[in-house]
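Engineer: Sequence:
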Amino acid sequence: MVTVDDSPVFQDMIGDSPAMREVYQLTRQVAESSATVLLTGETGTGKELIAEAIHALSPRSTGPYIRVNCGALSENLLESELFGHVKGAFTSAHENRTGRFEAAHGGTIFLDEINSVSFKLQVKLLRVLQQQEFERVGDTKTIRVDCRVVAATNRDLLTEVEEGRFREDLYYRLNVVPIYLPSLSERGDDIIRLVEHFLTIYAKKNNKTPLQLTPEVTSHLKSHAWPGNVRELQNYVERAVVLANDQKLTLDLLPGHVRGMSPIRVGRKSGRDLDDLCTEFVNAAISQSTDNIYQSVVSMVEKELISQVLKSSQGVQTRTATKLGINRNTLHKKIDEYGLEEEAR
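Counting in numbering that gives the first Met the number 0, the sequence shown tops out at residue 344, every number present.
These are calculated hints, taken from the structure and not from any lab test. Fair warning: there could be bad hints in the mix.
[Unchecked claim] Derived CB-CB ranges, DEER-like:
(1) Asp11 - Ala102: 35 to 43 Å
(2) Asp335 - Gln211: 48 to 56 Å
(3) Lys140 - Thr321: 46 to 54 Å
(4) Glu237 - Phe89: 14 to 22 Å
(5) Arg230 - Asp335: 43 to 51 Å
(6) Asp335 - Leu250: 38 to 46 Å
(7) Glu161 - Val122: 42 to 50 Å
(8) Gly163 - His219: 24 to 32 Å
(9) Thr97 - Thr61: 40 to 48 Å
[Said to hold, decoys possible] Derived DMTMM-like pairs (lysine to aspartate or glutamate); straight-line CA-CA distance at most 20 Å:
(10) Lys332 - Glu159
(11) Lys123 - Asp188
(12) Lys221 - Glu74
Where is the CB? At the ideal position from N, CA and C, for every residue including glycine.
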């Protein structure tokens with residue numbers, strides 16, 4: 000196992016890349032304060048582990064650590080979950096219930112997928128952050144709490160603000176200390192360190208000898224984009240250990256798309272290759288009887304490119320713009336021009 004910190008708090012965080020060193024350093028530094036922290040990054044990058052580390056390294060470490068997945072509940076259920084309710088507040092409220100903010104008093108509350116919270120609840124969250132008080136659902140009694148808030152999102156909240164889905168005042172109240180969790184593709188040799196770590200874990204769980212990496216597999220692992228990041232890598236390593244009949248991690252144990260093949264999608268036609276796609280664009284431009292076939296084809300290619308990069312970036316426009324090498328304002332205009340609002344969400 001390779002980490003940049005000997006503290007047991009970081010024992011589940013594998014990596015020695017410059018990007019992860021920065022995360023560890025900032026985590027330790029911010030943990031000592033009481034500031035609200037906003038964790039950003041793609042899904043599967045380890046935001047929950049960092050939230051736990053912030054709590055464990057903080058003066059509140061002896062207090063409760065409460066996690067809430069805001070994206071897993073409807074608006075009404077989430078409001079009751081966060082703030083509690085009194086008996087009779089709604090049909091199924093048969094008794095008083097303590098909310099997660101009350102339960103986190105003296106400790107830390109981790110709000111995962113904060114971008115999914117409705118506008119109504121965003122107002123209530125803002126009040127808790129600013130004044131540390133709220134009322135249970137169906138009650139008028141004000142409850143005061145003392146808890147630290149750590150929030151996480153895999154979306155670009157500034158984009159959510161610009162598109163009217165997230166309150167600007169709440170964004171700035173959450174974004175006191177932002178910590179960006181790098182994607183696996185930004186972490187260099189950490190990929191191999193993680194693979195070796197997971198090989199050891201799953202070999203032990205399955206009573207097998209740890210598999211040995213081959214140069215061919217190492218090359219494919221390092222070149223894959225890993226859209227699911229560490230979580231995706233972990234799943235594929237476990238699969239390889241379970242299926243292996245030899246002592247080596249060979250290429251055939253990895254999914255086809257990691258080996259450079261198109262992913263198999265049940266119920267969908269196989270993807271079009273580049274030649275077919277280009278032919279389709281050219282034929283479409285000719286059929287439009289336009290005087291500027293070149294510009295027409297270029298526009299079609301640009302639209303397809305932006306669409307695919309948006310999808311691979313999970314709709315995060317800042318990351319999409321960076322990958323495309325254009326500024327975010329230009330990307331906004333292109334999204335509007337090509338009608339790609341759905342992909343941008």
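Engineer: Failing hints, ascending?
Structural biologist: The structure conflicts with hints 1, 4, 5, 7, 8, 9, 11, 12, although it agrees with all the remaining ones.
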